[in-house]
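Undergrad: Residues per chain are reported as follows:
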Amino acid sequence: MSEAVAHPQALAETYEPSLFGTYSKKIGMWLFLLSDSLTFGALLYAYTYGRISTPNWPTPFHSESIRNATLMTAFLLTSSLTMVLAVRASVFGNAKTQRWWLFATMACGTAFVVLHGREWSNLIAEGLTLPVFPTVPHHTASAEFSNVAQTVPQFPATFFGLTGMHMLHVTLGVIYLGIIALRRTFIPILLGLWLIAWLATPAYSPFHYGAHVLLAAAVVCGVIVWLKPKVYDSSDVEVAGLYWHFVDLVWMFIFPLVYLMSTRII
Amino acid sequence: MATTATVHAHAAPQGFIRKYIFSLDHKIIGLQYYFLALVAVFVGMFLSLLMRIHLIWPTAVLPLVGEIKPETYLSLLTMHGTIMVFFVLTTAPQSGFGNYFLPIQIGAPDMAFPVLNMLSFWTTFLAFVAMIAAFFVSGGAPLHGWTGYAPLSALPSAGPGEQLGADLWVISIAIFCVASLMGALNFITTLLDLRAKGMTLFRLPLTCWAWFVTAILALLAFGVLLSAGILLLLDRNLGTSFYVPLVVVNGTVMGHKGGSPLLWQHLFWFFGHPEVYIAILPGMGVASQVLSTFARKPIFGYKAMVYAIMAIGLLGFTVWGHHMFMSGMSPYSAFAFSIMTMAIGVPSAIKTFNWLGTLHKARIRFHSPMLFAIGFVSLFVSGGLSGPFLAQPVLDIPLHDTYFVVGHFHLIMGVAAIFGIFAATYYWFPKMFGRMMNESLGRIHFWVTLVGTYAIFMPMHYLGMAGHPRRYSQLTELAYLHDLIPVQQFMTYAAFITIGFQFVFVFNLFWSMFKGPKASDNPWEATTLEWTTATPPPHDNFGGHTPVVNHGPYEYSVPGAPRDYVMQTDPVTATAH
Ligand code: HEM
Ligand SMILES: [Cu+2]
Numbered sequence: 205m206s207e208a209v210a211h212p213q214a215l216a217e218t219y220e221p222s223l224f225g226t227y228s229k230k231i232g233m234w235l236f237l238l239s240d241s242l243t244f245g246a247l248l249y250a251y252t253y254g255r256i257s258t259p260n261w262p263t264p265f266h267s268e269s270i271r272n273a274t275l276m277t278a279f280l281l282t283s284s285l286t287m288v289l290a291v292r293a294s295v296f297g298n299a300k301t302q303r304w305w306l307f308a309t310m311a312c313g314t315a316f317v318v319l320h321g322r323e324w325s326n327l328i329a330e331g332l333t334l335p336v337f338p339t340v341p342h343h344t345a346s347a348e349f350s351n352v353a354q355t356v357p358q359f360p361a362t363f364f365g366l367t368g369m370h371m372l373h374v375t376l377g378v379i380y381l382g383i384i385a386l387r388r389t390f391i392p393i394l395l396g397l398w399l400i401a402w403l404a405t406p407a408y409s410p411f412h413y414g415a416h417v418l419l420a421a422a423v424v425c426g427v428i429v430w431l432k433p434k435v436y437d438s439s440d441v442e443v444a445g446l447y448w449h450f451v452d453l454v455w456m457f458i459f460p461l462v463y464l465m466s467t468r469i470i
Numbered sequence: 006m007a008t009t010a011t012v013h014a015h016a017a018p019q020g021f022i023r024k025y026i027f028s029l030d031h032k033i034i035g036l037q038y039y040f041l042a043l044v045a046v047f048v049g050m051f052l053s054l055l056m057r058i059h060l061i062w063p064t065a066v067l068p069l070v071g072e073i074k075p076e077t078y079l080s081l082l083t084m085h086g087t088i089m090v091f092f093v094l095t096t097a098p099q100s101g102f103g104n105y106f107l108p109i110q111i112g113a114p115d116m117a118f119p120v121l122n123m124l125s126f127w128t129t130f131l132a133f134v135a136m137i138a139a140f141f142v143s144g145g146a147p148l149h150g151w152t153g154y155a156p157l158s159a160l161p162s163a164g165p166g167e168q169l170g171a172d173l174w175v176i177s178i179a180i181f182c183v184a185s186l187m188g189a190l191n192f193i194t195t196l197l198d199l200r201a202k203g204m205t206l207f208r209l210p211l212t213c214w215a216w217f218v219t220a221i222l223a224l225l226a227f228g229v230l231l232s233a234g235i236l237l238l239l240d241r242n243l244g245t246s247f248y249v250p251l252v253v254v255n256g257t258v259m260g261h262k263g264g265s266p267l268l269w270q271h272l273f274w275f276f277g278h279p280e281v282y283i284a285i286l287p288g289m290g291v292a293s294q295v296l297s298t299f300a301r302k303p304i305f306g307y308k309a310m311v312y313a314i315m316a317i318g319l320l321g322f323t324v325w326g327h328h329m330f331m332s333g334m335s336p337y338s339a340f341a342f343s344i345m346t347m348a349i350g351v352p353s354a355i356k357t358f359n360w361l362g363t364l365h366k367a368r369i370r371f372h373s374p375m376l377f378a379i380g381f382v383s384l385f386v387s388g389g390l391s392g393p394f395l396a397q398p399v400l401d402i403p404l405h406d407t408y409f410v411v412g413h414f415h416l417i418m419g420v421a422a423i424f425g426i427f428a429a430t431y432y433w434f435p436k437m438f439g440r441m442m443n444e445s446l447g448r449i450h451f452w453v454t455l456v457g458t459y460a461i462f463m464p465m466h467y468l469g470m471a472g473h474p475r476r477y478s479q480l481t482e483l484a485y486l487h488d489l490i491p492v493q494q495f496m497t498y499a500a501f502i503t504i505g506f507q508f509v510f511v512f513n514l515f516w517s518m519f520k521g522p523k524a525s526d527n528p529w530e531a532t533t534l535e536w537t538t539a540t541p542p543p544h545d546n547f548g549g550h551t552p553v554v555n556h557g558p559y560e561y562s563v564p565g566a567p568r569d570y571v572m573q574t575d576p577v578t579a580t581a582h
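Top line first, the protein sequences correspond to chains A and B.
So the first sequence is numbered by our numbering: it starts at 205 and just counts up by one.
So the second sequence is numbered by our numbering: it starts at 6 and just counts up by one.
Rather than coming from a laboratory, the hints here were simulated on the basis of the structure.
No experiment lies behind these values; they were computed from the predicted model shown.
Warning: the hint list may mix true and false statements.
[Unchecked claim] Simulated pairs of lysine-lysine, DSS-like, Cα-Cα distance not exceeding 30 Å:
id : chain 1 : residue 1 : chain 2 : residue 2
1  : B       : 202       : A       : 230
2  : B       : 24        : A       : 434
3  : B       : 308       : B       : 202
The shape of chain B in the complex, shown without the other chains (with noise of 0.2 Å):
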């Protein structure tokens, strides 16, 4: 068969239903998507504020949740966490911004599969119901963390939250992990696929190469969950013992032999570390972007971002036994996940360094994308600093469910993802809605998140380091947790702020949206082809015709250039030299 694509030119839809709720268009579904992780992300948030008020108020009476038992606080994480990694940033980085940007960025008028597009977006809206509606039934929220270990995810008696809340937390991830296999397949089948003349590899925008990648990482890990979780729930209903060995709960024994909660840890770490890379990928694909514009230069070292981008994925499938070091591991395994985690450190450096490099001697416009952009490469390091730590077995020892690898992932996933997320947001605003966000208050934003993110995060090491075990409830009891309340206070307070900040942000994106100067179709002079149609861009995203691509993605600065940027549309003459 020699035919290439099939083309995907549905007429626009009439009528309120078919345009905003069941829409087709990619460009709609990424904003069904980015929306209900802003949704997502308020409700982790006020859960972590709960927690965080709980650990220096133990007595306090909160608000919707009453008193905090241990229990409590423990649902509180979970879903805080599930809520987090899931709903936000797997969905808004990737779902939402690689499905509107992806097909305007190669030149396609829609995704691929536009019906699969669609289903999978409401298919996890269907998971993010379920996962609420843990709340709500009898028990509450389950208890097991987010990474779900056996045997307590398994035991339905092990705890309150683990009869219905933890079968609806299973089931949440089983649908979130369909859901997000029809997404990764449409998004690599797109790429492959539908790009416009002239738009070969190494002329994708990096943005592009890491959606791509992100959705290979998620076609392979979210698969492995999907067994995983089933085989969960066989456990919890249908009585086997996979992840059960015999066990004894409050002096009962249970039916289950045989099985090995090692078991869980391999399938689930095989899933969960991909999964971080499928969190962080389309944020450094932003920051690449983003600094590449406001540093008005070509990214540094283009193609050695494409290989690390690859290299990251390829390694990241290899490492999961880093997570386990403590699980009883043979020291031959550990001594080999811990070479392939430390080597993965090298592509990771690649990537910073090339950043680095892009803003080495450059005129950069300091708008609030690029505050962001650059948020998100600090950020990213600081984080990244203590992977390496962590990799080695015998630093892991002491470190291991400590504080410490709590303040690791929340630098280096947690925030430096959010950072991604908010780079996207300022920089692809004029196009998505038309209109301006406003830059003082992006600035407030950013400064304020930028210094409360590492008040509250960077203690975390310490409080590590002196042996702060996570996921505790009572720091009264022991003598040394005591002593470390002060800290705790301190990283409550900034929580507080920075938290109260974010609103900042949600104020200006709505205003905005209705009241904010009109963007023109290219407002930071860049270069990708979404800066070449019309803004917002029409149905088909380039108004009936397919753009030709002439140039690489980031000729900034170009000599000779009529401008100090040359447009991927632009014709072949305008760099002549």
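If we strip away everything but chain A, and leave its shape as in the complex, we get (with noise of 0.2 Å):
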């Protein structure tokens, strides 16, 4: 399969105008990440629905998780800078510095995933967990935090539902820039990343499970990058760049609303 890119000027001849005035990847990266929005927001307001109508949220944190959260959320918004800093290295045609912008900015969404999973290890370990996780052995769960586990389920649930959902989000933005920086060769890599996320979790962590996704990701990549092997060029590290900082941005209301506002204040 060709693709042809025709010129633009022989496709302002042969087309209206986009409304946008923009390519179609863009607008469709636009479009996607209207829906996705609804989907946060639908999330956001069943945290909220069960926030209002549940009398005395506990608000359990202390101040190591929210240590843990502000160094998570300097990581994201580095990432930010840093995929900015690949987007403009691709306007300019840079390939080389372009994709170490593009590690950099894939280098802290792990850090940020790895240090989200650390957190959620050890709230489960602590009590703070779900019914169905099993619990880590060798270790006593703090009273506090199984008794909110307990007394207000809707607590863990909506704690764990909406940060897991936004770190697969993270995730699969770190795979997606692996593909736009590598190419086909990120699968391998991701294979192993695989291997080494399910063998380096303990198999009553959620994560042993969780890595999971890892390989189906390495499936779903390749079928497409067998069906489009072309090279990629500037405009796809900008369409993926908007996800990058759309991820981002959920964090920025996930981070108070399910951390600072859940603190417990002295």
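Combine both chains into one complex, guided by the hints.
TA: This is the structure we're talking about:
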């Protein structure tokens, strides 16, 4: 299949100008983000619904969680900056610099996910957990967190639901950037990451199973790269950037709502 | 960036697999969707027949399902409703015909994202497989209705079908959401970016407007349903309590507490009401197109039609609460939802009057597509009139969850949309397959289906007013339901006949595909772009060039023109007045 990208001049003569004066892929991404913001909107609505209808919503997070979440936020904000630099480099046609900035963005995203995973694991060990998550062996839960999980099941449910969906988005974002930066070379790397994530997490951890997201993503990416084996151009970086900034923006809602508003104030 | 669009002039694929199975050609993908919907509609019809049989012969032992227990009946109606709404009414008019004809009608060589298009079909297919699989797992298909109300849908222990079957149901719906999102953003981008020179927004055929607005609705609504479905999966499998309060099932206290079943209803109906318009808007577009073509008149009030479609789309997002009047709602909210709901009647009425205006004093050519388009208008009016009744909380209190609602939505959403699909099939068949369908068989099919559907669904309104609840399988125990059984019998007989005659359609479809008389490029003497190209259209739709559009979509009986119609690509001088 050959992908003929006609010259803009020729296009302007055969087609009506696009309503938004930009290329299709970018419009497509904006539309996706529109629908994704409704998806997140529905989750935030569910969170608000649960929070409002629960008398005495608990505020159990202490400074340790907040410090960790702030660090995560810092990584995410930095990644937005590096993403902007990647787009800039791609506009100037500087493929190498662009790739390095993409790697930096991916690194920040990965740091975010790892820190978040650590946070989850700690909370689960401390007893802020869902009924199906197994208890962590050799660890006694704290009375306070277990009590929250027992009396207000809405709390862990919304916490894990919202942050889990967001973590999934960041993970997929890192994979997306990896494909943009390395194309099909990234797929074996992804498979390697899957193996590492799977083997490195103990069987009682939700991430042991969550790691299979990477496997599924590798399969889907494989199909897409096989169908569209073309070389990515600067517009792909820009479009990926839109997605990345959006995921960042969503965190700016989740962080205050889920963490800051549930902090124990002494 | 000043570039406009990227044109995907991919070469015609070779080999059966790349050409017909994993095709990137929007026309093939459109047909794939169409045939998927055709399979689905027969599955759905078969299930409805089983239900109708059970209602009047409760002890009968039926093929494939055996004896129908009350929970079997619930499984049947759940799967009937879900398959019909998602895999027929959402799939055929929008993804099927929209895929095939939206690019051609705007003069594009393909969709904006052909790979995404293919992926969205195959994801839909996957969703269908998951849905059908629910029949075959232990416990069988779910019981919670197409609306999936929690807590029933959230508790695996709530009934036999609520175990693996319900998981498959939710997963299928979630996959379907993803597929629809991919399709929707493709439709929108295509329409924004790939219109041929001269195809300004107000020269778009009304079908394109309808597909466009439908795609926007789908983009916004399915995202919310996706979230709702994910939370439902969490409730079912991870023990969260988004939708489940403290409940006791068969004497056992469930581990949930603190959730709200109303949350599900809000999220579901925020999707659900736009969904009914996703089902009907493409039919409205087809009806407009066909009425204008066969009345040989411009559509009455083109711009009003466009604005009405937009108004319906917009208002459609503000009325979901009318499904929840009886769920415990503040009277003030109920009042607001009621007002907004009745406001939708205004653009709906505008469309109806414009259709009638188009027919007024026309020299109508009564071919099968036209019959079905008129039938569409008839059903839309009959079904629509009961809407404002249901929209008033006081009237909805007795009517909610009765057969009255079943009658309302079957007429307006079920059969009207199906008539839209039929009109589209008879109208575009020559373009898609290069042959004509049989006219006599088409007429027989039309008359039996029209009379048959009214015979099935009109009496439901009387049943509802008599207080007959919906989703009941045993009619013999209660005296007042027992007295209504003759009406049920009448409906079942009508269903037998109507469903039987659908085989006339299927026969006509497949027979004409191979044996029908060859069709010319423009058999209906219509004006829009699909009729300017070869029959069936070549791989890139217009054989290497892009049409230039000089006219509006419905220029029929133009004074001074050489023929009684001016095609959109005709040179400007043709209308010199
Ligand atoms: C004037 C326009 C309309 C009005 C005022 C209206 C009003 C209503 C109301 C108030 C209900 C809720 C009844 C109840 O559950 O107690 C309802 C149900 C329903 N309506 Fe409409 N409607 C209109 C048009 C439509 C259209 C155009 C469609 C589809 C194409 C449609 C499809 C449905 C469906 C599927 C349900 C039932 C859902 C269920 O409970 O399973 N309606 N309508
Ligand atoms: Cu509604």
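Undergrad: Against this structure, judge whether each hint is valid.
TA: Here is what the structure says about each hint:
As the CA atoms of residue 202 of chain B and residue 230 of chain A are separated by approximately 22 Å, the hinted pair is consistent with the 30 Å bound. Among the hinted pairs, residue 24 of chain B with residue 434 of chain A is consistent with the structure: their alpha-carbon atoms are about 20 Å apart, no more than 30 Å. Straight-line distance between C-alpha atoms of residue 308 of chain B and residue 202 of chain B comes to about 20 Å, which keeps the hinted pair within the 30 Å bound.
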